[in-house]
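Could you put the whole structure together from the sequences, leaning on the hints where they help?
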Amino acid sequence: MAITLLRQRPVYVIGIGLHRYQKTSQKSYVELGLTAVREALVDARISWTDVESAYVGNAILGMAPGRPMLRHLGASGLSITHIENASASGSTAFRQACLEVASGVCDVSLAIGVDKIGATLTGRSWDGTEHLASPSPLVGFALLTKMYMDRYGVSIEKIAEVAVKNHGNAADNPYAQFQKRRTLEEVMKSPVAGPLTRLQCCPFGEGAAAAIVASEEAVERLNINSSRNAQVIASVLRSERVYGPEKNMIVELTRETAKQAFDQARIGPDDLDVVELHDAFTVEELLYTEALGLCEEGKGAEFLAEGRSRIGGQCAVSPSGGLIGMGHPFGPTGVGQIAEITRQLRGEAGPRQQPQAHIGLAHMVGIGQVCVIHILRRLR
Amino acid sequence: MSQRIAKKKTLFTVPESPTERPSLLGGRCSCGYLFFPPHRFGCEVCGAGPEAINIIEMAATGLLKTFAASHRQIHSDGHSPLIFGLVFLDNGLTILGAIDTDDEKKLHIGQRVHGVLAPCGLDDQGRTIVDCLFVPEGGA
Numbered sequence: 009m010a011i012t013l014l015r016q017r018p019v020y021v022i023g024i025g026l027h028r029y030q031k032t033s034q035k036s037y038v039e040l041g042l043t044a045v046r047e048a049l050v051d052a053r054i055s056w057t058d059v060e061s062a063y064v065g066n067a068i069l070g071m072a073p074g075r076p077m078l079r080h081l082g083a084s085g086l087s088i089t090h091i092e093n094a095s096a097s098g099s100t101a102f103r104q105a106c107l108e109v110a111s112g113v114c115d116v117s118l119a120i121g122v123d124k125i126g127a128t129l130t131g132r133s134w135d136g137t138e139h140l141a142s143p144s145p146l147v148g149f150a151l152l153t154k155m156y157m158d159r160y161g162v163s164i165e166k167i168a169e170v171a172v173k174n175h176g177n178a179a180d181n182p183y184a185q186f187q188k189r190r191t192l193e194e195v196m197k198s199p200v201a202g203p204l205t206r207l208q209c210c211p212f213g214e215g216a217a218a219a220i221v222a223s224e225e226a227v228e229r230l231n232i233n234s235s236r237n238a239q240v241i242a243s244v245l246r247s248e249r250v251y252g253p254e255k256n257m258i259v260e261l262t263r264e265t266a267k268q269a270f271d272q273a274r275i276g277p278d279d280l281d282v283v284e285l286h287d288a289f290t291v292e293e294l295l296y297t298e299a300l301g302l303c304e305e306g307k308g309a310e311f312l313a314e315g316r317s318r319i320g321g322q323c324a325v326s327p328s329g330g331l332i333g334m335g336h337p338f339g340p341t342g343v344g345q346i347a348e349i350t351r352q353l354r355g356e357a358g359p360r361q362q363p364q365a366h367i368g369l370a371h372m373v374g375i376g377q378v379c380v381i382h383i384l385r386r387l388r
Numbered sequence: 134m135s136q137r138i139a140k141k142k143t144l145f146t147v148p149e150s151p152t153e154r155p156s157l158l159g160g161r162c163s164c165g166y167l168f169f170p171p172h173r174f175g176c177e178v179c180g181a182g183p184e185a186i187n188i189i190e191m192a193a194t195g196l197l198k199t200f201a202a203s204h205r206q207i208h209s210d211g212h213s214p215l216i217f218g219l220v221f222l223d224n225g226l227t228i229l230g231a232i233d234t235d236d237e238k239k240l241h242i243g244q245r246v247h248g249v250l251a252p253c254g255l256d257d258q259g260r261t262i263v264d265c266l267f268v269p270e271g272g273a
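Each protein sequence line maps, in turn, to chains W and P. Just so it is clear: in the first sequence, position 65 is 73 by the working numbering, and no numbers are missing. Just so it is clear: in the second sequence, position 77 is 210 by the working numbering, and no numbers are missing.
Treat each hint with caution, since some may be false.
[Unchecked claim] Taking lysine-lysine and the DSSO-like style, the derived pairs with C-alpha atoms no more than 27 Å apart in a straight line are:
(1) W:307 x W:255
(2) W:31 x W:188
(3) W:197 x W:267
(4) P:238 x W:166
(5) W:255 x W:267
(6) W:166 x W:188
(7) P:239 x W:197
(8) W:197 x W:166
(9) W:197 x W:31
(10) W:35 x W:188
(11) P:239 x W:166
(12) W:197 x P:140
These aren't lab readings, by the way, just hints derived from the structure by calculation.
Shown next as structure tokens:
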């Protein structure tokens, strides 16, 4: 369905905006969200009343935070829908905004991700099933890291280089929670679980990210500078299946979601110039560069070490700094990836610019598990 | 020894004799799919309902696939980090459990492990609450 819709009625990202990701503060989520939306409206050069619907992505804030925030832009009566999909909430909000425009229900839609980290319960807390051990998610990724090291004979230092690269990218990103270059020695300090150290794990915090999408008709009617638009050429969301004991679930889920996305976009991994990945933990970047087909299975560390995922390399991976450097405030994260890909495709990423970026991919995973992939291309 | 009661009643048995090893409880669908933790909500492979699912006892024995210490969670001895492991059970399932050892160095990948019942408190009737942890064969 999405293949037909996105081809028959193209959807464009026309405006992006963010509130910097940061440590939890006294600032209201309303202020965080409004900052991002206002920046996106200015970026698109449209007014709030041109926006016909809003998808609000959040995982932590609780029930219905959308209208108490958006009313301050003018209570226009627009359609408001809340989207909760764990870490992929923002990506899913963006997908729904795209599909609404593609379906012809409206011409201009907003995806806004906003969150403030606090205590939250997941569905698993209530699922009526006991669990033998319930360590924090980072223990699960520590186990995954150890299995990767053992299976492919890769040292933790090679894996930790992901954090060195991504903290370096984030240092040039004014919206990033961390803006400091780190040496491998710094990254290897402060163990938290197994071989994982603090700087190999994404920080949680708060922030907001907005993306406005529009139809071709709206681009013409609102006189939008189309050379700055990025076209959404694939939108895929899948959930985990049963893969068997020898398979790595998050790798298989990403692999099959990516395959569908590449088929929709009619491209392959070699066509990608820039990618934003769900690198909540260092090992994930290696696993996903392999699952996307940017390199062979087990060769993720080599792909990184050869500089092929650096800005200026074959395909810049997480030039924003990724979840490890830019941060992972949940709701905003997936929309923030779209903002980064759009900025890269426009050629407006400054010191983080991947040269000749024509096609970009954004990938998020949400516990449960779900995987969301979008592919965008530049029009110039 | 006082009467023992499971911390998680749906997950493992508590044999009357303290020398007898606990079994894990799992789910098996009529389609053949085996899973843990057990439930009778439905089968995620074939979609069959509760009538197709049986709760079965499974030996709490297998091989340690990998393990990691959580430096943010503390072992019952009060000072060493809690260690979690993936156990490849003899029936082919891989499950996540806590390893009852105070020293990670005593563990290695491929090591044979089995379930034990470790006391973790008293209930309001004075019974000993026990949790199922894994230890290497021959002790930790």
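Results of checking the hints against the structure:
no.	hint	result
1	W:307 x W:255	holds (17 Å)
2	W:31 x W:188	holds (15 Å)
3	W:197 x W:267	violated (37 Å)
4	P:238 x W:166	holds (23 Å)
5	W:255 x W:267	holds (17 Å)
6	W:166 x W:188	holds (20 Å)
7	P:239 x W:197	holds (24 Å)
8	W:197 x W:166	holds (15 Å)
9	W:197 x W:31	holds (21 Å)
10	W:35 x W:188	holds (23 Å)
11	P:239 x W:166	holds (26 Å)
12	W:197 x P:140	violated (36 Å)
Violation of the numbered hints given earlier is confined to hints 3, 12; the remaining hints are satisfied by the structure.
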